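Working from the sequences, and respecting the hints, build out all of it.
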Amino acid sequence: MEIFIAQFINSFSMGSIYALLVIGFNLLVLVTGIFPYAYAHVVVFSMYMCWIGLDISNNNIIVGITFAIVSAVALSLLTEPLFRPLSRRGAQLGSFIVSMAIGSIISEILSRNLNKGMGINFPTELKGEGSIIRFGVSAISIGQIATVVGSIIAGGLFFYILFRTKQGRAFRAIGQSSFNARLLGLPIMRIGLLVFVIAGILGGISAIFLSMSLGTASASLADNLAIKIMAVALFSGIGNIGGGIIAALILGLAENMALAYLPGTYSQAIAFAMIMLVVMVKPQGLFGTKA
Amino acid sequence: MSLSLYYFLEISAIFTILGWTLYLAYRIGQLNNTAIATMQIGGFISSFLVLRYDWHFIPALVVALIACLVFVIIPALALGRAPSFTMVIASIALIFIAKTFFKNVPWFGGTSGLFGLPKIGYLLPLTYAFLIIIGVGIYIFDHSRLGRAASIAFMDRDIAGTMGINFYLFSVVMQLVVGLMGGIAGVFYAFTLRTISADYFGIGILLTITTFVFVGGYTTMWGTLIFAPILWGLPTLLPNSMLVYRNIIYGLLLMFVMIYKTEGIIDKRLIRNLGKKLSFIRIKK
Numbered sequence: 001m002e003i004f005i006a007q008f009i010n011s012f013s014m015g016s017i018y019a020l021l022v023i024g025f026n027l028l029v030l031v032t033g034i035f036p037y038a039y040a041h042v043v044v045f046s047m048y049m050c051w052i053g054l055d056i057s058n059n060n061i062i063v064g065i066t067f068a069i070v071s072a073v074a075l076s077l078l079t080e081p082l083f084r085p086l087s088r089r090g091a092q093l094g095s096f097i098v099s100m101a102i103g104s105i106i107s108e109i110l111s112r113n114l115n116k117g118m119g120i121n122f123p124t125e126l127k128g129e130g131s132i133i134r135f136g137v138s139a140i141s142i143g144q145i146a147t148v149v150g151s152i153i154a155g156g157l158f159f160y161i162l163f164r165t166k167q168g169r170a171f172r173a174i175g176q177s178s179f180n181a182r183l184l185g186l187p188i189m190r191i192g193l194l195v196f197v198i199a200g201i202l203g204g205i206s207a208i209f210l211s212m213s214l215g216t217a218s219a220s221l222a223d224n225l226a227i228k229i230m231a232v233a234l235f236s237g238i239g240n241i242g243g244g245i246i247a248a249l250i251l252g253l254a255e256n257m258a259l260a261y262l263p264g265t266y267s268q269a270i271a272f273a274m275i276m277l278v279v280m281v282k283p284q285g286l287f288g289t290k291a
Numbered sequence: 001m002s003l004s005l006y007y008f009l010e011i012s013a014i015f016t017i018l019g020w021t022l023y024l025a026y027r028i029g030q031l032n033n034t035a036i037a038t039m040q041i042g043g044f045i046s047s048f049l050v051l052r053y054d055w056h057f058i059p060a061l062v063v064a065l066i067a068c069l070v071f072v073i074i075p076a077l078a079l080g081r082a083p084s085f086t087m088v089i090a091s092i093a094l095i096f097i098a099k100t101f102f103k104n105v106p107w108f109g110g111t112s113g114l115f116g117l118p119k120i121g122y123l124l125p126l127t128y129a130f131l132i133i134i135g136v137g138i139y140i141f142d143h144s145r146l147g148r149a150a151s152i153a154f155m156d157r158d159i160a161g162t163m164g165i166n167f168y169l170f171s172v173v174m175q176l177v178v179g180l181m182g183g184i185a186g187v188f189y190a191f192t193l194r195t196i197s198a199d200y201f202g203i204g205i206l207l208t209i210t211t212f213v214f215v216g217g218y219t220t221m222w223g224t225l226i227f228a229p230i231l232w233g234l235p236t237l238l239p240n241s242m243l244v245y246r247n248i249i250y251g252l253l254l255m256f257v258m259i260y261k262t263e264g265i266i267d268k269r270l271i272r273n274l275g276k277k278l279s280f281i282r283i284k285k
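Those sequence lines, one after another, are chains A and B. For the first sequence, the residue numbers in our numbering are 1 to 291. For the second sequence, the residue numbers in our numbering are 1 to 285.
Some hints could be false.
Where chain B lies over chain A, by a calculated footprint (3+ residues, C-beta under 8 angstroms) [what the hints assert, rightly or not]:
| hint | region |
| --- | --- |
| 1 | 102-108 |
| 2 | 275-286 |
Here are a few chain B residues that face chain A, going by a calculated C-beta distance under 8 angstroms [as the list claims (entries may be wrong)]:
| hint | residue |
| --- | --- |
| 3 | A82 |
| 4 | L207 |
| 5 | M242 |
| 6 | V244 |
| 7 | M255 |
Calculated from the structure, these hints are not laboratory results. Because the structure is a prediction, the values reported are computed rather than measured. Just so it is clear, CB atoms sit at the ideal spot from N, CA and C, and this is done for glycine as well.
As C-alpha cells, then:
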C-alpha cells in the first residue's frame, strides 16, 4: 500500500510535467500546423542551459531558471523560420521530418559538445530533496510539491491567456481555420511567433521541473521524452489541449505504477503500449483530434 | 576485396533496401517506419537460430522473414486506415517496442546483444541479388496499374476510393511488403557486422534512411538507389574528426531539401528530361 501511495505521488508529479509539455506541443500543432517532434529536444537543451547557469553562478537557482527559460525561447524562435514555409504550404509530414532533423542536430550537440558529451547532474538544492514531508512510510519532497503547484499555475495562466485574452482568441481562431483568420485580418506571422515564444516559455518551465524531478539529464532523454509527448498527444487526440492534460496524467500514473511492479526497462514500454492501444481501438484519440 | 570496400558495398545495399521500404510506404502517402522494427526482428531471430541451434544461414533467413510477417500483420490490420501522423507515431512506437523486447529477453543477449556470428562467404552476392530482385519488383510496380493507383491514393484517399481503389487492402499489403523488406535488411545487417544489438536500431537509423529517401527524392526509386551510397560513402571520406558530425550533416541536408526542394534532388521531371535526352535508346514495353 505504501508503495502504491508513493508511486501515486510520483505519478502526479511526472504527469503534471508531461501535461505542460503536451500543452506546448499541442499549441504548436493547433496554431502553426506543424508537428514539433523536436519540442522535447528543446526542453532537454534548456535543461543543459539551466545546469550551465547553475554552474557559473554557484548554484543560484534564479540564474538557472532564467537560463532555462531564455534558452528555450531563443531556440524556439531560432527554429520558427524553418517551419514557416512548411506551415504556409500545409506540409505537416514535411514539418515532422524537418523537426526530426532539428532534434537529431540538438541531440548530437548535447552528446558531443556540452559537458564533454557526458550526462549532467543537478544539485540537491534544486531537487528539494533535503526538505521532505513524511506521512507514514511515504514521503513527498518539496521539489515534487513545487513541480505540481508550478505546473498548475503555469497551466492555469496558459488557459487564462487562451480563453480570456484577445491573443488567446486569435490562437483559437487560427487553430480552427487559418484561411478565415487571415481574411479577418489577423496577423498570422506575428501570432505564429508569439505561439513559439509561449511554447518556449512552457518548455523552459518544464525543463526546470524535469531537472527538479529527475535530477539528471542526457542526450538520450530527449528522444524518450519526444516519444512520450507523441504518445500522450496521440492518446488524447492530436491538437486536443484539454484532453492532453488528462492523457498526460494517465501516462504518469501508468508509468510509475509499472516502475513499481514491473522490471525497470519494461516501464519504458508503457508509452508505446498506450500508442498501440489507442491506434487499434480509437485512431482519432480518446477525446478526438483537433488538428 | 578490402574490408572497407566490402562494408561500404554491403551497408549501401542494405540502406538502399531500407530506403525503398520508406519509398514504397510513402507512395500511398503513409510514412511507415515499421521496417526498422522488422529489421531488428529479422536480425535477432536469424542470429539466434544460427548461434544457438547451429542452423544454416538460408533456413534462418526464411524463418526470420516469417517471424517479421507474423509481427507486422496485426499492426498492419489496425493501421490500414490510420491518418498519416498516427501511422508515423505508431510505427516509431513499434521500433521501441521491439527494442525493449530484445533488450529484456536474455535469449537475445539482453543489453549487449548477440555477437560472434559466423562469416557468410556468399553474403555480398546474395545481398545484391536481393537488391536487384527488390529493385526490379519496385520498377514493375511503379510502371503498372498498381503504381498509378498508389499515385492517386497518395494525392487523395477519397478520390482513390471513388475510383474503386481499396485503400485499406492496399495499405495492409504495402505494410506487409515493407515489413518483409525490413526483415531482409536486418538479416543481412546482422551478418555483415557479425553482431547485433538493440541499440543499433533507433532514431539514428530512422534519420539516416529518411535522409537518403527525401534528399535523394521520394517520387522515384532512383533517388534512394543513387543517394544511399553517396550519402553513406561521402562522410567516410571526411577526416575522422568530422566523421562524428555525420548526423548533423544529414540533419542539415534534410532540412535544406525539405524547405527548398521538397521532392528531393532526383524528381520525376529530372527523370523525364533524362529520358528525352537519352531517347535514342528505345526500350520495348
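query = Tell me, which hint numbers fail for this structure?
reply = Per hint list: single violation, 5.
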